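Q: Chain residues, written in single-letter form:
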Amino acid sequence: MNSITGKFLETLAGWKGTFSGAYSVRENGSCAEMRSTPFVEITPKSGLSGLDIRILPGCRGEVVAVPACVTQGGIDDLAYNDFYVGAGAEATIIAGCGVHTENGEPARHSGIHRFFLEPGAKVKYIEKHLGTGDASPRAIDPETVIQLGEGAQLEMDTAQLGGVDRADRRTKAVLGAGARLVIRERLLTEGQQQAKSDFVVQMDGEGAAVDLVSRSVARGDSRQSFRSQITGNAPCTGHSECDALVDGNAKVDATPMLSANHPDAALIHEAAIGKIAGEQIVKLRTLGLTQEEAEAEIVRGFLE
Amino acid sequence: MLELRDIKWSAPDGTRVLDGVDLTVKSGGLTVITGPNGGGKTTLAKLVAGVEAPESGRILLDGDDITGLDVTQRARKGVCFAFQQPVRFKGIPVRRLLELAAGESLTEVQVCALLNQVGLCGQEYMGRQVDASLSGGEIKRVEIATVLARPGKLFLFDEPEAGIDLWSFSGLISAFQSLRDRRDKALLLISHQERILEIADEIIVLSGGKVAQRGPAPEILPQLMGKGGHCADCGKRKAVFA
Ligand SMILES: Nc1ncnc2c1ncn2[C@@H]1O[C@H](COP(=O)(O)OP(=O)(O)O)[C@@H](O)[C@H]1O
Ligand SMILES: [Mg+2]
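Residue numbers (the numbering used here), protein chains in the order written: chain P, 1 to 304; chain C, 1 to 242.
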């Protein structure tokens, strides 16, 4: 793998020259390095670009890394990764994607990740997106499909913290009885960047629960659009929260939708869009921070 | 240490709230400002911290005119201000806020010591977010702790007793007393609390936009309490202002 990929792996996937568990590194559309372990089998798909990742029952907290990097312009990479997580297996999955341009040509990565969790499986899914390089447009379009079996749990931590000009982020989940889904999204757009984030969650089983929190900061002339649609088809609980700080000429719109198709579906949405509260800045300034330091501190904390 | 000369301030609707306030606070002492609700105490504190600007009058700190300085500049000159109504932050942990206040990173031991002074267990609270998950009393204590963490010289606390239970209150009183014992610092509390009024070196009664009374605590306190009599519900002595 090249040095740009190496840098991306450090920031996106906690790489320190090596990975502790199973991994596959995708670089410019092909597999640069790969390793399976006794509990995690990674195999390339046949006839389709991407991987099948099987996390076997008995897996106890292994960290599986499948980052993807595009390190030059003129590349439009598309990968399909399917994760099959066996009953009761527990794992942390680190995906994440870096796109770098330096020859004036646009570059894009689209990662379609599907998660099939068998009953009782427990996954923490961490996904960071980052763009670096010259001024040419970089796009990252992640699509995440989640199917949670009975009592399965998935916690998704997804962040796009800079350098991505266009993002079309789609997440779709179906929850069985007693399944729990936690989603934490953090999004920063600046300049002319545009990001769309779309969540569709359907709870089909009794006792299912989703907690979706999206925090974003939009600066400059950037645009963000947040959409969430939570449907409860059984006794279940759903909570979604969209919190956006808007600065400069940026624009943010949020369209939350809740549908209860069962009288015991309890669904809540909270949304707050606006400038940084003036009193927060004043408080930090009374501690000796300048206006700019106070704003930076508030944004940093908000996105952390 | 602090001197206010003929300070006037009106609310946005034109109502005159402070109508020529003169006062002096010396270092190495504890001054308590008290007076009826809506009497302009919080406004006065905000004017000292630079959060509001006076219509007219001068504010001096150690003899320097700071009337034209902004909030940050006054903070850096040593003005420290604990809000009556603390501000919440999504995503800033208690420890981080204390470090911002101290202007340097703090060890766990230092963080625990600060939180202990306001009756909070450091281990339990240092990682908590300063957001809506803290109760009114908890956030009030964190607010006081941020000011105790500051390396300043003039310490302003706006009704620090609100939301603080009896046990933590004793700790708070000793924190104020040890601050007072520092000869190079001045402590200015806005309060209605009898126990705080009792430890004051000087009491200032702000009423009708002016300093209505001022003097040593032993002189002013009996007058305040005398006027108030006893509370019909709890039998406690109550101060009532003209
Ligand atoms: N920003 C403001 N807008 C309108 N009225 C204000 C504002 N700030 C203070 N006031 C008014 O000034 C008066 C004094 O308020 P305050 O200083 O908070 O009193 P205290 O702290 O003594 O209770 C009150 O009548 C209050 O309503
Ligand atoms: Mg007040």
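Hints were generated in silico from the structure; no laboratory data involved.
Warning: the hint list may mix true and false statements.
Claimed, not checked - Not the full set, but computed from the structure, chain P residues with beta-carbon under 7 Å of chain C:
| id | residue |
| --- | --- |
| 1 | Q280 |
| 2 | L287 |
| 3 | G301 |
Owing to the predicted nature of the structure, the values given are computational and were not obtained by experimental measurement.
Backbone N, C-alpha and C fix where the C-beta goes; we use that ideal spot for every residue, glycine too.
Q: Would you check whether P/L287 satisfies its interface hint, that is, whether its CB is within less than 7 Å of any CB in chain C?
A: holds, 5 Å
Q: A closest beta-carbon separation below 7 Å is what the hint needs, so does P/G301 meet it against chain C?
A: The hint holds - P/G301 has a Cβ within 7 Å of chain C, the shortest such distance being about 3 Å.
Q: Given P/Q280 as an interface hint, is the shortest Cβ-Cβ distance to chain C below 7 Å?
A: holds, 5 Å
The structure agrees with every numbered hint stated previously.
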